[in-house]
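**Student:** Given next are the chains, with one letter for each unit.
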Amino acid sequence: MSRSWLGLVALLAVAGCRAPSPPGNDALQAAFKDDALSARAARGHRVFLQRCATCHGPRGRGDGQNAYNLQPPPPDFQESLSRLSPADRRRVVEGGTAALGRSPLCPPWGRSLGPDDVDALLAWLEEAARPAAGLPGPDAPAACGAR
Amino acid sequence: MGVAVVKPQGLGRRVSPGLLLVFGLLSVALVATVVWAVWKEARAEWRVWQGRYAALEAGAPVTAEDGARGLQQIWLPDLDRVDRCTSCHLGIAEPERAGAPQPFRAHPGRWLEIHRPDRYGCTACHGGQGEATSYRGAAHGPIPYWPEPMASRELMEARCGTCHRERRPKGTDWLARGRALMADRNCTACHEVPGHDAAEVRAPRLDGLALKVPPSWLRGWLKKPNGYLPKSRMGDFRLSERDVEALAAFLLQPHGKLALDRTDWSKADTEKGGELFRASRCVTCHEVNGRGGTLAPALTHVGAKASRDWLYSWIRDPHRFQPKTLMPRFQFRDDEARDLAAYLSSEYGEAPEGFQASDAAPSPALAEEGRGIYEKRGCYSCHELEGFPALARIGPKLAAIGDRVLEPAPLVARGIRTTLPNWLFTKVSGPERVLDAARMPTFGFAEDEAAAVTVALLSLRAREAPPARTTRDPVRVPPAYGSPTSGGKPYEPQGEFGALVRRYRCLSCHTIGGSGHVTATGAPLSTVRLDRIGSQLTREHLERYIAKPYGVRVALPERMPHLNVAPEEARTLAAYLSTVMVDDAIEGTVPVDAVTVARGKQLFDRHGCVGCHIVGDKGGYVGPDLNGCGARLKPGWAVAWLLEPERWKPGTLEPDHGLTRPEAEALTAYVLSLPARKAKGAGR
Numbered sequence: 002m003s004r005s006w007l008g009l010v011a012l013l014a015v016a017g018c019r020a021p022s023p024p025g026n027d028a029l030q031a032a033f034k035d036d037a038l039s040a041r042a043a044r045g046h047r048v049f050l051q052r053c054a055t056c057h058g059p060r061g062r063g064d065g066q067n068a069y070n071l072q073p074p075p076p077d078f079q080e081s082l083s084r085l086s087p088a089d090r091r092r093v094v095e096g097g098t099a100a101l102g103r104s105p106l107c108p109p110w111g112r113s114l115g116p117d118d119v120d121a122l123l124a125w126l127e128e129a130a131r132p133a134a135g136l137p138g139p140d141a142p143a144a145c146g147a148r
Numbered sequence: 016m017g018v019a020v021v022k023p024q025g026l027g028r029r030v031s032p033g034l035l036l037v038f039g040l041l042s043v044a045l046v047a048t049v050v051w052a053v054w055k056e057a058r059a060e061w062r063v064w065q066g067r068y069a070a071l072e073a074g075a076p077v078t079a080e081d082g083a084r085g086l087q088q089i090w091l092p093d094l095d096r097v098d099r100c101t102s103c104h105l106g107i108a109e110p111e112r113a114g115a116p117q118p119f120r121a122h123p124g125r126w127l128e129i130h131r132p133d134r135y136g137c138t139a140c141h142g143g144q145g146e147a148t149s150y151r152g153a154a155h156g157p158i159p160y161w162p163e164p165m166a167s168r169e170l171m172e173a174r175c176g177t178c179h180r181e182r183r184p185k186g187t188d189w190l191a192r193g194r195a196l197m198a199d200r201n202c203t204a205c206h207e208v209p210g211h212d213a214a215e216v217r218a219p220r221l222d223g224l225a226l227k228v229p230p231s232w233l234r235g236w237l238k239k240p241n242g243y244l245p246k247s248r249m250g251d252f253r254l255s256e257r258d259v260e261a262l263a264a265f266l267l268q269p270h271g272k273l274a275l276d277r278t279d280w281s282k283a284d285t286e287k288g289g290e291l292f293r294a295s296r297c298v299t300c301h302e303v304n305g306r307g308g309t310l311a312p313a314l315t316h317v318g319a320k321a322s323r324d325w326l327y328s329w330i331r332d333p334h335r336f337q338p339k340t341l342m343p344r345f346q347f348r349d350d351e352a353r354d355l356a357a358y359l360s361s362e363y364g365e366a367p368e369g370f371q372a373s374d375a376a377p378s379p380a381l382a383e384e385g386r387g388i389y390e391k392r393g394c395y396s397c398h399e400l401e402g403f404p405a406l407a408r409i410g411p412k413l414a415a416i417g418d419r420v421l422e423p424a425p426l427v428a429r430g431i432r433t434t435l436p437n438w439l440f441t442k443v444s445g446p447e448r449v450l451d452a453a454r455m456p457t458f459g460f461a462e463d464e465a466a467a468v469t470v471a472l473l474s475l476r477a478r479e480a481p482p483a484r485t486t487r488d489p490v491r492v493p494p495a496y497g498s499p500t501s502g503g504k505p506y507e508p509q510g511e512f513g514a515l516v517r518r519y520r521c522l523s524c525h526t527i528g529g530s531g532h533v534t535a536t537g538a539p540l541s542t543v544r545l546d547r548i549g550s551q552l553t554r555e556h557l558e559r560y561i562a563k564p565y566g567v568r569v570a571l572p573e574r575m576p577h578l579n580v581a582p583e584e585a586r587t588l589a590a591y592l593s594t595v596m597v598d599d600a601i602e603g604t605v606p607v608d609a610v611t612v613a614r615g616k617q618l619f620d621r622h623g624c625v626g627c628h629i630v631g632d633k634g635g636y637v638g639p640d641l642n643g644c645g646a647r648l649k650p651g652w653a654v655a656w657l658l659e660p661e662r663w664k665p666g667t668l669e670p671d672h673g674l675t676r677p678e679a680e681a682l683t684a685y686v687l688s689l690p691a692r693k694a695k696g697a698g699r
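If you read the sequences in order, they're chains E and S. Per this note's numbering, the first sequence starts with residue 2, numbered consecutively. Per this note's numbering, the second sequence starts with residue 16, numbered consecutively.
Hint data in this document are derived by calculation from the structure and do not stem from the laboratory. Every value quoted in this text rests on a predicted model; they were computed, and no experiment measured them. We put the CB at the ideal spot given by N, CA and C, even for glycine. Incorrect hints may have been included.
With the C-beta cut set under 7 Å, the calculated list includes, among others, these residues of chain E facing chain S [to be verified]:
| id | residue |
| --- | --- |
| 1 | Gln72 |
| 2 | Pro76 |
| 3 | Ser83 |
| 4 | Ser86 |
| 5 | Pro87 |
| 6 | Leu106 |
| 7 | Pro108 |
| 8 | Arg112 |
| 9 | Asp117 |
| 10 | Val119 |
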């Protein structure tokens, strides 16, 4: 009797002191991953889908539903984005393409988006601009960006 | 009592060597302890960091190690928190430390501007042990069995939700979605959920079910609801064959006094019905073959579910069957309702896969057993049924679920990681995964949906934040409708206008004073709020549009359905909206002279407006077609909109160009002077 008590106490002590590495998988952690995006870039991608995808397309390939109405048309970011410095990217997001002296068709979002959203959007573009990385993030739902 | 009294002895008296040794050792130990304690305090982790921070500030190499500032502490009695985090996180509120190495880096984003550390501390948002002064002691990172570990980045929004009790707290993503999903799936029917008191349980009444569905459909549905509706709001109750049979027997018994309308089906014209189906824009709410809205059930297989007579009766007057339905009572003629019902049951009459169960009526002998299942599984919580009492909620209260203490053994046995978030996530994804005999249905959430619900659940804490620290949804009542003290009840339109609003179910998509249906995304279906619509649009346009709606924003998939509102009803609605739903602050006129209009044209070109708006034959399809929009828009509203689009419609695609008032007025003067297109007209 006393033996088994001792054993139990020892077991409890071991269980209590050594934080056991919990078994099993943490499915929740996996659920939060948005492809390979960081949390901030994923937020940026959502901003992009809401405000930009109508013209630029869900992955920035310049194939949004309104793209064909624009002259000059929106560029394919996989080719064009690396030509803009990070500072110029911010200028375009905040002040529109007119801020770089180009056509005014890409409007300024600096007053509509909060600073956190602008930062997140730039973070997504940053990840998007990496060579050969492709443009990350899931495709937009069908109705996205149409409002 | 034998208290030993030590008699004074001469110094010369010998003390036993053993005692001397013990005394000596104890003295050494005492001195060593004191030295160790002082040394340890001098070498405390926070002092080391403070020394390094001082070096960082001086631009010196990181060697100095004097904790010059002393221990930092934020004491917040009302939150019952003492936070010493800033003893090491010294640059947290210094924007110029944005790129500094941790722990000195400035807080990212602009969060501290509205949550100043001296007012909110750190652990109120981040969790962890505020009184600790070492890395591990502060519970950075997940520590098993620790009562309040620091929240991971993914779960941060749950911490926001403890104070921010609105349905859609600003700036949150997962939390808002989780709360909307909880309302959509009727969680509050079975569970008492703090903050969801006002959430309405939405599910059909089950009276007269035998008039509507065949036994084959009911069996298939009860077995696997998402086999019929991929986005079913009802969960899968994991019923056995016998349970399905018994429940079907009970439900197919006659309940209530409903009867169906009859019509002559030989005259039905399915082709006309199809035209009517498309022209009425049913797909704004109903999905067919994977395309369409999500406000109402998909109709892809509706013919296999509902009888033709029931569809006919339903289309004529849905409110007779379901008083709480979101569906409007369209103004169809009887022959139109008949054609539409005939079209639906022939075009969408195929049963979904896996629904080939027998159509034999279930044995009435099982009905009593079915009634027991109806009660045991809490069906009554969502579905009203004539003759069945409303019983207590079947599920446990969800208050404090975010602080639930888990019993690890059963989870370990199932290979489930024993953290509370992971348990919640697993349970929400599939209750049977954590408990075989779970009564809760499986809702078939996608992974990201289950994660969002987990975040929403984790925000329900045992200790609520003090009222002064919490924010809640305002109970909004438009001033024109009565005093703001109308008992916090949702807005309910009255009179003739109210009767029309109820008939056409305007508040299923639109909102007035914050009242109106909110979809699973947490937003109303229509982006058009009616609160000030009378100051935005002309009365003539409102009347025309209500009688015959058309796509103002052509790229928008959700369009107002053709309700066939009668001309005199449209006049009544337009008159009411124009006189009552107004906002004096946006009423006004603009100067319309040639110079101003020319200036407006310049601005229109300079800001690239044509990228999104059609003028003449050119332009984009994002915003409204502007040809002839002077007949539609009121000038005061156009100016207000151009000046602050984000204020009127957060998240809008209309950019804020930072116009001055004269600029906005000139632009308005130009846009409102554009002639209507002659060839096709402004609408269809």
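**Student:** With reference to the structure, classify each hint as holding or not holding.
**Tutor:** Results for each hint:
1. Gln72: violated (9 Å)
2. Pro76: For E:Pro76, the interface hint is violated, since the closest Cβ of chain S sits about 14 Å away, which is over 7 Å.
3. Ser83: For E:Ser83, the interface hint is violated, since the closest Cβ of chain S sits about 23 Å away, which is over 7 Å.
4. Ser86: violated (18 Å)
5. Pro87: violated (14 Å)
6. Leu106: holds (4 Å)
7. Pro108: holds (4 Å)
8. Arg112: holds (4 Å)
9. Asp117: Hint holds; E:Asp117 Cβ to chain S Cβ min 5 Å, cut 7 Å.
10. Val119: violated (11 Å)
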